[in-house]
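Asker: Spelled out, the chains give:
There are 2 protein chains.
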Amino acid sequence: MAVYTEVTDEALEAFLAGYDIGSMVAFRGIAEGVENSNYSLKTTAADFILTLYEKRVDPADLPWFLGLMEHLATRGITCPQPVRARDGEALRVLAGKHAAITTFLPGVWPRRVRVEHCGPVGAALAGLHLAGADFAPRRVNALGSHGWRPLLERSHARADEIQPDLAAELDTALTEILAGWPTGLPEGHIHADLFPDNVFFLDNRLSGLIDFYFAATDFLAYDVAVCLNAWCFEADFSFNVTKGRALLSGYQAIRPMSAAERAALPVLCRGGAIRFLLTRLFDWVNTPDGAMVTRKDPMEYVRRMRFHRSARDEHAYGI
Amino acid sequence: MAVYTEVTDEALEAFLAGYDIGSMVAFRGIAEGVENSNYSLKTTAADFILTLYEKRVDPADLPWFLGLMEHLATRGITCPQPVRARDGEALRVLAGKHAAITTFLPGVWPRRVRVEHCGPVGAALAGLHLAGADFAPRRVNALGSHGWRPLLERSHARADEIQPDLAAELDTALTEILAGWPTGLPEGHIHADLFPDNVFFLDNRLSGLIDFYFAATDFLAYDVAVCLNAWCFEADFSFNVTKGRALLSGYQAIRPMSAAERAALPVLCRGGAIRFLLTRLFDWVNTPDGAMVTRKDPMEYVRRMRFHRSARDEHAYGI
Chain A
1175 MAVYTEVTDE ALEAFLAGYD IGSMVAFRGI AEGVENSNYS LKTTAADFIL TLYEKRVDPA
1235 DLPWFLGLME HLATRGITCP QPVRARDGEA LRVLAGKHAA ITTFLPGVWP RRVRVEHCGP
1295 VGAALAGLHL AGADFAPRRV NALGSHGWRP LLERSHARAD EIQPDLAAEL DTALTEILAG
1355 WPTGLPEGHI HADLFPDNVF FLDNRLSGLI DFYFAATDFL AYDVAVCLNA WCFEADFSFN
1415 VTKGRALLSG YQAIRPMSAA ERAALPVLCR GGAIRFLLTR LFDWVNTPDG AMVTRKDPME
1475 YVRRMRFHRS ARDEHAYGI
Chain B
1175 MAVYTEVTDE ALEAFLAGYD IGSMVAFRGI AEGVENSNYS LKTTAADFIL TLYEKRVDPA
1235 DLPWFLGLME HLATRGITCP QPVRARDGEA LRVLAGKHAA ITTFLPGVWP RRVRVEHCGP
1295 VGAALAGLHL AGADFAPRRV NALGSHGWRP LLERSHARAD EIQPDLAAEL DTALTEILAG
1355 WPTGLPEGHI HADLFPDNVF FLDNRLSGLI DFYFAATDFL AYDVAVCLNA WCFEADFSFN
1415 VTKGRALLSG YQAIRPMSAA ERAALPVLCR GGAIRFLLTR LFDWVNTPDG AMVTRKDPME
1475 YVRRMRFHRS ARDEHAYGI
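Chains as they are written, first to last, in the working numbering: chain A, 1175 to 1493; chain B, 1175 to 1493.
Where hints are given, some of them may not hold.
Treat identical chains as interchangeable: a pair holds within one or across any two.
[Stated by the list, open to error] Straight-line distance between alpha carbons at most 27 Å, and here's what the computed DSS-like set of lysine-lysine pairs gives:
| id | residue 1 | residue 2 |
| --- | --- | --- |
| 1 | K1470 | K1229 |
| 2 | K1271 | K1229 |
| 3 | K1470 | K1271 |
The set of hints was computed from the structure by calculation and includes no laboratory data.
One chain only, chain A, in its complex shape:
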């Protein structure tokens, strides 16, 4: 649920005057996304999304994100496109926040994932990885493997409030993950957050990808591992290997993984689980009561991580 910053009508009017996108028809907060404030903006010309970047996003990264989205579109990926103001700038300031208008993408994200979604998601992820290959600028993944130990330290003292001995379990798991973390896998630009609410479908076809604000340069296979975490577990946290197989087959039909990438899947999946576990844990112990955001349960990723620790090899995922 995300509208952290309210925009006054005068400020909005002044902001829109800088664009050549028609005059305003409607402006409504969108109850989706958790990092930024998103508004649906309708003008006499078209529908748009107005995003105000909140404190977790480093403004220095914004040109990279917007540049990546523009690059991907030129390579055939359907994703929101930054709309440039009359002065040629896509990145501006509104209500004291960095802000951008992007194009509106038709589609609906799947509230309940079915096997039929997973193949297209895998294929779209592979397509994204190939399309990004010739986007030269790199962005360090602040929430990649090097960031996890410092992140755990920031919540460690209070982890046991959520479940007894959780701090110790996370210590052990993280030590194992970092000790087994692969080297030398193919790198590229990854979405890093391709959860169901960032993938739109229309008439049973994948219609677009959104929310590139965690994108970074990292192992491509790690992005696959994030998707396995995001798309292939059931509500009881059991792993649905049919979904895993569909996702991996969809991916490999477009970009076959190397033997080293496939072999690394269990540890990459454990990494993917602990990454979301750690940010949720941090939010859980640091979100003030009454904040306009729903805290998500970190334990959902403890459950996933336990599955990954039981995975003997990549075949556990349906390969």
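We have chain A already, so just place chain B on it with the hints.
Answerer: Quick look at chain B alone, frame taken from chain A:
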């Protein structure tokens, strides 16, 4: 912020198949409103709002609300119109909740109220009161004066957690309000919740009214008092008499108030303040941590009520 009920894509598709409104293009949760779940629904034909009615709304009242909205539109009031499904029904069931699709209203609600908004709001409220006059069915105002004592009882024991001696202050204020509550004032159908986020403007003109789910049959002048509370206080809870005068002049240009109505304004305003104070207080002491809703501070209405208690007569409001 309001999306309490998630709708699966299959359920939504099956639901829309019952309507003749084109096929789906987009479906996004709206971060506005606090009582129901609202989605923005775009089809190949038009934009709509899909509302799922949550537990505070009595399903038995829904036909009255939808009927009032239809009636008001025939009398020239711009408000959302229920869209009937192929079977002629506007009220249906989705995801286990009562649900309705209504038309999309262009406009933007004023995040910062200016004096220029207040006249049109007063005029629109008076227009609503006149337009509702020949809508025969009545609806008892559960949150009207008879409901306040029971509502206070439900939070009384915990009121002092918010501020020392708040329970005693509310007891005294409510006793005074009920003792001075007028009788015999003109009645009709009132909106009862005409706050800025329920009034849209476009190009500096009022473009429509939304959210009729607190509407009821009660004193018309009480609705004016609610608006004085909602539109005419500044951020520091000082009363802006210029805004009050604009709102009352706008109202009386369309429907002049009787001497009895005008004289009752101070007590009606105290009633309007305590009504929102009491529901906020109830929510404050009863909202579980982590709920997807922002608790609003009851003290904002204690501050308003104190102003109203200081008002000697209707002239305090700019009449």
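Asker: Within a copy, between copies, both or neither: where do K1470 and K1229 come within 27 Å Cα-Cα?
Answerer: This pair counts as both: shortest intra-copy Cα distance 19 Å, inter-copy 23 Å.
Asker: Reference check for the pair K1271 and K1229, CA-CA at most 27 Å: within, between, both, or neither?
Answerer: within (9 Å within a copy, 36 Å between copies)
Asker: How would you classify K1470 and K1271 at a CA-CA limit of 27 Å: within, between, both, or neither?
Answerer: both (25 Å within a copy, 24 Å between copies)
Violated hints: none; the structure is consistent with every hint.
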